[in-house]
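**Q** Protein chains in written order, with the UniProt record's numbering: chain C, 1 to 255; chain X, 1 to 255; chain H, 1 to 255; chain B, 1 to 255; chain U, 1 to 255; chain R, 1 to 255.
You may find that some hints are simply not true.
[As the list claims (entries may be wrong)] Listed next, the in silico SDA-like pairs over lysine to any residue satisfying Cα-Cα at most 20 Å (straight line):
| id | chain 1 | residue 1 | chain 2 | residue 2 |
| --- | --- | --- | --- | --- |
| 1 | R | 83 | C | 251 |
| 2 | C | 251 | B | 219 |
| 3 | X | 83 | C | 88 |
| 4 | U | 85 | R | 215 |
| 5 | U | 145 | U | 37 |
| 6 | C | 154 | C | 47 |
| 7 | B | 145 | B | 214 |
Hints listed in this document are in silico derivations from the structure and should not be mistaken for laboratory results.
Only a predicted model underlies this, so the values are computations on that prediction, with no experimental measurement involved.
There are 6 protein chains.
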Amino acid sequence: MTMRRFDGREKNEMRPVIIDTEFLKHPEGSVLITVGETKVICTASIEDRVPPFMRNSGKGWIAAEYSMLPRATEQRNIREAAKGKLSGRTMEIQRLIGRSLRSVVDLSSIGERTIWIDCDVIQADGGTRTASITGAFVAMAMAVKSFVEAGKIKTWPILDYLAAVSVGVDAGQEELLDLCYKEDADAAVDMNIVMTGNGELVELQGTGEEASYSRAQLNSLLDLGEKGMNELFLIQKELLGSIDEDIQTKKEAVE
Amino acid sequence: MTMRRFDGREKNEMRPVIIDTEFLKHPEGSVLITVGETKVICTASIEDRVPPFMRNSGKGWIAAEYSMLPRATEQRNIREAAKGKLSGRTMEIQRLIGRSLRSVVDLSSIGERTIWIDCDVIQADGGTRTASITGAFVAMAMAVKSFVEAGKIKTWPILDYLAAVSVGVDAGQEELLDLCYKEDADAAVDMNIVMTGNGELVELQGTGEEASYSRAQLNSLLDLGEKGMNELFLIQKELLGSIDEDIQTKKEAVE
Amino acid sequence: MTMRRFDGREKNEMRPVIIDTEFLKHPEGSVLITVGETKVICTASIEDRVPPFMRNSGKGWIAAEYSMLPRATEQRNIREAAKGKLSGRTMEIQRLIGRSLRSVVDLSSIGERTIWIDCDVIQADGGTRTASITGAFVAMAMAVKSFVEAGKIKTWPILDYLAAVSVGVDAGQEELLDLCYKEDADAAVDMNIVMTGNGELVELQGTGEEASYSRAQLNSLLDLGEKGMNELFLIQKELLGSIDEDIQTKKEAVE
Amino acid sequence: MTMRRFDGREKNEMRPVIIDTEFLKHPEGSVLITVGETKVICTASIEDRVPPFMRNSGKGWIAAEYSMLPRATEQRNIREAAKGKLSGRTMEIQRLIGRSLRSVVDLSSIGERTIWIDCDVIQADGGTRTASITGAFVAMAMAVKSFVEAGKIKTWPILDYLAAVSVGVDAGQEELLDLCYKEDADAAVDMNIVMTGNGELVELQGTGEEASYSRAQLNSLLDLGEKGMNELFLIQKELLGSIDEDIQTKKEAVE
Amino acid sequence: MTMRRFDGREKNEMRPVIIDTEFLKHPEGSVLITVGETKVICTASIEDRVPPFMRNSGKGWIAAEYSMLPRATEQRNIREAAKGKLSGRTMEIQRLIGRSLRSVVDLSSIGERTIWIDCDVIQADGGTRTASITGAFVAMAMAVKSFVEAGKIKTWPILDYLAAVSVGVDAGQEELLDLCYKEDADAAVDMNIVMTGNGELVELQGTGEEASYSRAQLNSLLDLGEKGMNELFLIQKELLGSIDEDIQTKKEAVE
Amino acid sequence: MTMRRFDGREKNEMRPVIIDTEFLKHPEGSVLITVGETKVICTASIEDRVPPFMRNSGKGWIAAEYSMLPRATEQRNIREAAKGKLSGRTMEIQRLIGRSLRSVVDLSSIGERTIWIDCDVIQADGGTRTASITGAFVAMAMAVKSFVEAGKIKTWPILDYLAAVSVGVDAGQEELLDLCYKEDADAAVDMNIVMTGNGELVELQGTGEEASYSRAQLNSLLDLGEKGMNELFLIQKELLGSIDEDIQTKKEAVE
C-alpha cells in the first residue's frame with residue numbers, strides 16, 4: 001500500500017500547472033507560470049545586438065537572468081542588488097536557463113540579436129528553476145513568433161519544445177515527482193531534468209545532499225521525470241497553437 | 001473649452017486604481033496596486049530586530065526597498081543586481097518610501113522590530129513611486145494588524161492614513177493630475193505629493209525639468225493633488241475596514 | 001515677543017554668507033562658499049565631451065558630484081571611497097545639484113561639452129546642499145565666462161541666477177530660515193528651496209521628519225525662503241559683474 | 001575498426017594521473033594532481049570555527065574555493081581578483097567541489113570546524129573540476145588524518161572514497177572518457193560524474209551543448225565513467241594507506 | 001656657473017612652506033599645509049577604539065587616508081568614491097603616511113585608541129605625499145596635545161619630530177630638492193625621504209623612472225634631502241611650541 | 001665572534017636560489033623560482049595591444065600582477081577574488097614589479113604590445129616580492145626571446161639584467177641579507193633593493209618598522225644587497241645563455 005504525500009499527491013503526480021500568457025504589456029513575450037504555489041514571471045525581450053564574444057558571428061544569443069522577490073520565500077531574503085553581487089545559486093540557475101533554451105534554438109536563424117530571458121520568482125515553493133525554464137520557453141516562443149510575423153526573423157528558429165521538472169528521493173528512499181519546498185528541503189537526492197519535446201535530455205543535474213544514489217534509482221527518477229515532462233509538453237502545445245506546426249516542420253526538416 | 005488628455009482623461013482625473021490585498025502567500029502583508037497600467041507588488045515583512053543605529057532605543061524602524069523588473073519598462077533595463085549597485089534614482093525612491101511611512105507610525109509602539117517594505121514594479125507607466133507609497137501603506141497596515149491581533153504589538157501604532165500622487169505641468173503649461181509615463185516624460189514640472197489622511201503634507205518634491213514654476217502654479221498643483229488624494233483615501237478606508245477605527249481612535253488620542 | 005534663536009539670530013535671518021572666487025588654481029571656475037560655519041569648495045570644470053546618452057544631440061550636459069571630508073563633521077565619517085560606494089544621501093544631493101543648475105542653462109549653447117560641478121564640503125554645519133548650489137552657480141558662471149571670452153562658447157548660455165536656501169519648522173512649530181546643524185537635527189519639517197533670479201521655483205523638497213505640515217505652513221516657509229534668496233542673489237550679482245548683463249540680455253531675449 | 005583519439009587514446013582510456021602528496025609546506029593536507037596536461041594544486045586547511053549558518057550546530061563544514069592562474073590557459077585570463085568578482089563558472093565549480101566532499105564526510109565527527117579546500121589550477125587542459133575533486137579528496141583525507149592522529153578529531157569522519165571524471169559525446173556521436181580541452185570544446189554532450197568508492201553517484205551533471213542526448217547515451221556515458229572511476233580509486237587507495245582501513249571500518253559500521 | 005630652475009629656484013632650494021594650524025572646527029587637530037602651489041588639508045581625529053588586529057593589545061594605532069579633490073590637478077580626475085575603489089597609488093601613499101607617523105609614536109602610551117589621519121589634497125603641484133606627512137605630523141601633535149592636556153593620555157607619546165621631502169634627478173642628471181609637478185613629471189629618478197628630527201631615516205623610496213641611479217647619486221640626493229628636512233623641522237618646532245619640550249624630554253628619556 | 005642566524009646562515013648569506021624555466025606549457029615564458037622555502041610561479045604573456053593610456057604611442061607596456069595562494073602562508077588568507085578587491089600590499093607589489101621591469105626594457109622596441117607578468121606565490125617564507133622580480137625577469141627574457149626569434153620583435157629590447165633582494169636590520173641591530181619570514185617579522189628595518197646588471201639602483205625601499213636607521217646603516221645594507229645581487233646575476237646569466245650577448249650588445253650600443 002502506497003503512502004500519499006503530505007499534500008495528498010501521488011508520488012508520480014505533478015502539482016497543477018497554469019501558464020498565463022501575455023501577462024505584461026511591454027515585453028515581446030511574457031507569461032506567469034504557476035506550479036502549485038510557485039509563481040514565476042517569465043519575459044522574453046529581443047534586442048538588436050549580441051554580447052561582445054558573438055559579434056560578427058552572424059549568430060544570435062540567448063541570455064537568462066533569474067531573481068526572487070525578497071519575500072517570495074518564508075523568510076525575507078536580502079536583495080542581491082542591495083548586497084551588490086549575485087549569489088552562486090543565482091548564477092548557476094541563470095546559466096542553466098540560458099544553456100537549456102539555447103539547445104533548442106537555431107541561433108543562426110535569429111541573426112545578430114539577443115533574446116533576454118528574465119525569470120522573476122514572485123512566490124517560491126520549490127521547483128523555481130524548472131518552472132522558470134518551462135515558462136521561459138513559452139515566453140520566448142511568443143516573442144520569436146512576433147518577430148517572425150513581423151518579418152524580422154525569416155526562418156522559424158525553434159527546433160523543439162523544451163520543459164523541465166524536478167524529481168528527488170526523500171529521506172525514506174521514495175522517489176517523488178515535482179518536489180515542493182518542504183519535500184525539497186528534506187530530500188536525500190535532488191534532480192533537475194530538462195528535456196526536449198522528442199524526449200531527449202538537455203540537462204541532467206542530480207545531487208546527493210550529503211547522500212548518494214545508485215544507477216537504479218537514477219533510472220526510476222528519469223522515468224518519473226518523463227511522465228511529468230509529457231504533461232508539460234501538452235500544456236505548451238495547447239498554448240502555442242500554430243507555433244506547434246512551425247516546430248514540427250522544422251523538426252522534420254532537421255531529421 | 002478644455003482639451004482632454006491623450007488618453008481621454010480630464011486634467012484633474014486619476015487613472016483607475018485597484019488594490020488587490022493578500023496577493024502573496026508568505027509576507028505578513030502584501031498587495032498588488034494597479035494605477036492605470038502601472039502595477040506594483042508591495043509587501044510588508046516584520047522582523048524581530050532593528051538596524052544597528054536603533055538598537056537599545058526601545059523603538060522600531062521602517063525600511064523600504066524599491067526595484068523594477070528589467071522589462072517593467074518599454075526598453076529592457078539592466079538589473080541593479082547585475083550592475084552590482086543601486087542607481088541614485090532607486091536610492092532616492094527607497095528613502096522617500098521609508099521616510100513617508102515612518103511619518104504616520106508611532107515607532108515606539110512597534111517595539112524593536114523592523115517593518116521591511118518591498119515595492120517591486122512589475123509594469124511601469126508613470127507614478128511608480130507614488131503607487132508604491134499608496135500600496136505599501138495598505139500592506140503595512142495589514143501586517144501590523146496581524147501582529148496586533150496576535151498580541152505581539154500591544155498598542156495600535158498607525159496614526160493616520162497615508163497616500164501619494166503625482167501632479168505636473170505639461171509643455172503647454174496645463175496642470176495635470178496623476179501623470180502617466182508619456183505625460184511625465186514631456187512634463188515641464190513634475191511633483192510628488194505625500195499626504196496624511198487629515199490633509200497634512202508629509203513630502204513635497206517639485207522639480208522643474210530644465211524649467212521653473214511660480215508659487216501660483218504650486219498652489220494649483222497642490223489643489224489637484226488633494227483631489228486625487230481624497231480618492232485614494234476612500235479606497236484605503238474601504239479595504240482596511242476595522243483598521244480605520246483603530247486609526248480614528250489613535251488620532252483622537254493624539255489630538 | 002519673539003524669542004531669538006540659540007545663536008542669536010532672528011527667525012528670518014540668514015547666517016553670514018561669503019563667496020571667495022578663484023579659490024583654486026586649476027579649475028575653470030572655483031569658489032569657497034562660507035555660510036556661517038559651513039564651508040564648501042565648489043569647482044566647475046569644462047570637458048570637451050558628453051556622457052553617452054547625450055552623444056550626437058548637439059547639446060551639452062551638467063553633472064555634479066558632492067562629497068564631504070571625513071572630518072567635516074563632529075564625528076569622523078568613513079570615506080565613501082573606502083566603503084566603495086556612494087550613500088543614498090550623496091546620490092540624492094548630487095542629482096539635486098545637477099538638475100538645479102541645468103534648469104538655468106541653455107544646454108544647446110554650450111555645445112557637446114560637460115560642465116562638471118564638484119562640491120566638496122570641508123566643514124559642515126547644516127545647509128551643505130543649499131550652499132553647494134549657491135556656490136556652484138558662481139563657479140559655473142565663471143567657468144562659462146572664460147569659455148565665452150575665449151570664443152569657445154558663442155552664445156551666453158546662462159538664463160538666470162540660481163541659489164538655494166533651507167527653511168524649516170522647529171519642534172516648537174516656529175518657522176526658521178537657514179537652519180544650522182543643531183536646528184536641522186531637531187526640526188519637525190526640513191525644506192530645501194532652489195529658485196531662479198526672477199523668483200520662480202526650480203526645486204522644492206519639503207520633508208516632515210516623523211511629522212507633517214499644513215499648506216499654511218508651507219506658504220510661510222516659502223516666504224522665508226524668498227527673503228533669504230534675495231540676499232543670496234545680491235551677493236551673486238555683485239560677484240559676477242558683467243555676467244549680470246549677459247544674463248539680463250539673455251532673459252530679455254527669452255521673454 | 002575503432003578510430004583512436006587525436007592524442008592516440010582509446011575512447012575508454014584515461015590520461016595518466018599522478019597525485020603528488022605533501023606538495024606544500026604550510027597546509028594540513030596538500031597535493032599536486034596531474035591528469036594529462038592538467039595540473040591542480042589542492043590544499044586542505046582546517047580552521048577552528050564554522051560559518052555563521054552552522055554555529056552551535058555541533059557540526060563542521062567543508063567549503064571549497066577554485067581558481068585558475070591567469071596563464072593556466074592558452075589565452076591569458078583576467079584575474080577574478082582584478083575584476084572584483086567571481087564568474088558564474090567559478091562559483092558553480094566551487095559549490096560542486098564543496099557539496100561533493102560533504103557527501104562522504106560525517107560533519108558531526110569533525111566538530112565545529114571548517115575544512116577549507118583550495119583548488120588552484122596552474123595548468124588547464126580540460127577536466128579541471130573533476131581533477132580538483134579527485135585531488136581535494138586526498139588532501140582532505142591527509143589533513144583529517146593529521147587531526148585524528150593529534151587527537152583533535154576523535155572519530156574517523158570520512159565515510160568513503162570520492163573521485164570524479166568527465167565523459168562526453170563528440171561531434172561524431174562517439175562517447176569518450178576523460179576529455180581533454182580540445183575534445184571538450186568540440187563536444188556535443190559534456191558530463192561530469194562524481195562517485196563514491198562503493199559506486200554510488202553523488203553528482204551527475206550532463207549538459208547538451210546546443211545539443212541533446214538519449215537515455216541510451218546516458219547509460220553508455222555512465223559505464224565509461226565507472227571505468228575511469230575505478231582507476232582513480234586504485235590510486236587514492238594506494239596513497240592513503242592506513243586511511244583505507246579507517247574508511248572500511250567506518251563503512252562497515254554505517255552499513 | 002649653475003643654471004637656476006624654471007621657477008627661479010636654486011637646485012637645493014625648497015618652495016615656500018606655510019602651515020596654518022586649527023584650520024577646521026571639528027577635528028582634534030587640523031592644518032592646511034602649503035608647499036609652493038601644493039595645498040593639503042591634514043586632520044587628526046582620535047577615536048576610542050582600535051582596529052580588530054590590535055584589540056586587547058593595550059596599544060593604539062595610527063591609520064591614514066589620502067585623497068585628492070577631482071580638480072586638485074590640471075585635468076579633472078574621476079573620484080575614487082565614484083569608481084568604487086581606491087587606486088594603487090592612493091593605497092601606497094596611505095600606507096606610507098601611516099607607517100611614517102607610527103615610527104615616532106609610542107603606541108602603548110596612547111592606549112587602545114586610533115588616531116585617524118586624513119590628508120586631502122585640494123591643490124596639487126608635486127610633493128603631495130611629502131607635504132601630507134609633514135602637515136599630518138603637526139595635526140597629530142596638536143590632537144595628542146589636547147588629549148594629554150585633558151588627562152585622557154597620561155604620558156607624552158610622541159618621540160620625535162617627523163617630516164618628509166622629495167628629491168630627484170632631472171633629465172640632465174642634475175639633483176634637485178623639492179620637485180614641483182613639472183619637474184617630477186620629467187624626472188629620471190624620484191625619491192621620497194621621511195626623517196625624524198634627529199636625522200634618522202624612517203622611509204626611503206627611490207625610483208628610477210625607466211632609468212637607474214648610482215650609489216653616488218643616492219648620497220647626493222640624501223644630502224639635499226637633509227637640507228630641506230632641517231628647514232621643515234624649524235617650522236614644525238616654531239608651531240608646536242611647548243610640545244617641543246615634551247618631545248625633548250621624551251627623547252632624553254629614551255636615549 | 002659572529003653569531004650565525006637561526007637557520008645556520010651567515011649574515012651575508014643568501015638562501016639557495018633555483019630557477020626552473022619552461023615550468024608551464026601555455027605562457028610565452030614561465031619559471032618557478034625557489035628562494036629557500038619561498039616558491040613563486042612567474043609567467044610572461046605577450047598580448048598584441050596596450051592599455052588605453054599607451055595607444056598610438058608606438059611603444060609597448062609591461063604590466064605585473066601578484067597574488068598568493070590562500071595557503072601559501074602559515075595561516076590561510078582569504079582570497080582577494082573572494083573579498084572582491086586587492087589589498088594595498090598587493091597593489092604596492094604589483095606596481096613595484098612592473099616599474100622595475102620597465103626600467104630595463106626599451107618599450108619602443110617591443111611595439112604596441114603588453115608584456116603581462118604574473119607572479120603567483122605558491123609558498124611564502126619571506127622575500128616574495130624580490131623573488132618575483134628576479135624570476136619575472138627570466139620569464140620575460142624568455143618570452144621576448146621567442147618573439148625576437150619569430151621575427152615579431154625586430155630589435156632586442158632588454159637593456160640589462162635585473163634582480164632584487166631584501167636586506168634588513170634585526171632587533172639586535174645586526175644587518176642581514178635575504179630575510180626569511182621569521183627574520184622579516186622581527187626586523188627593525190626592512191629594505192628591498194632592485195638593481196640592474198651593471199650595479200645601478202632601480203628601486204630602493206627602506207622602511208623603519210616603528211624604528212629608524214642612520215645613513216651609515218643604509219650603506220652597510222646596500223653593501224650586503226650588492227653581494228646578493230651578484231649571485232643572482234650569475235644564475236640569470238647561466239640560464240639565459242645567448243640572451244646575455246644580446247644584452248651586452250645592447251648595453252654597449254647604449255653606452
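**Q** Confirm or reject each hint.
**A** Here is what the structure says about each hint:
no. : hint          : result
1   : 83/R x 251/C  : violated, 48 Å
2   : 251/C x 219/B : violated, 25 Å
3   : 83/X x 88/C   : holds, 16 Å
4   : 85/U x 215/R  : violated, 38 Å
5   : 145/U x 37/U  : violated, 29 Å
6   : 154/C x 47/C  : holds, 16 Å
7   : 145/B x 214/B : violated, 43 Å
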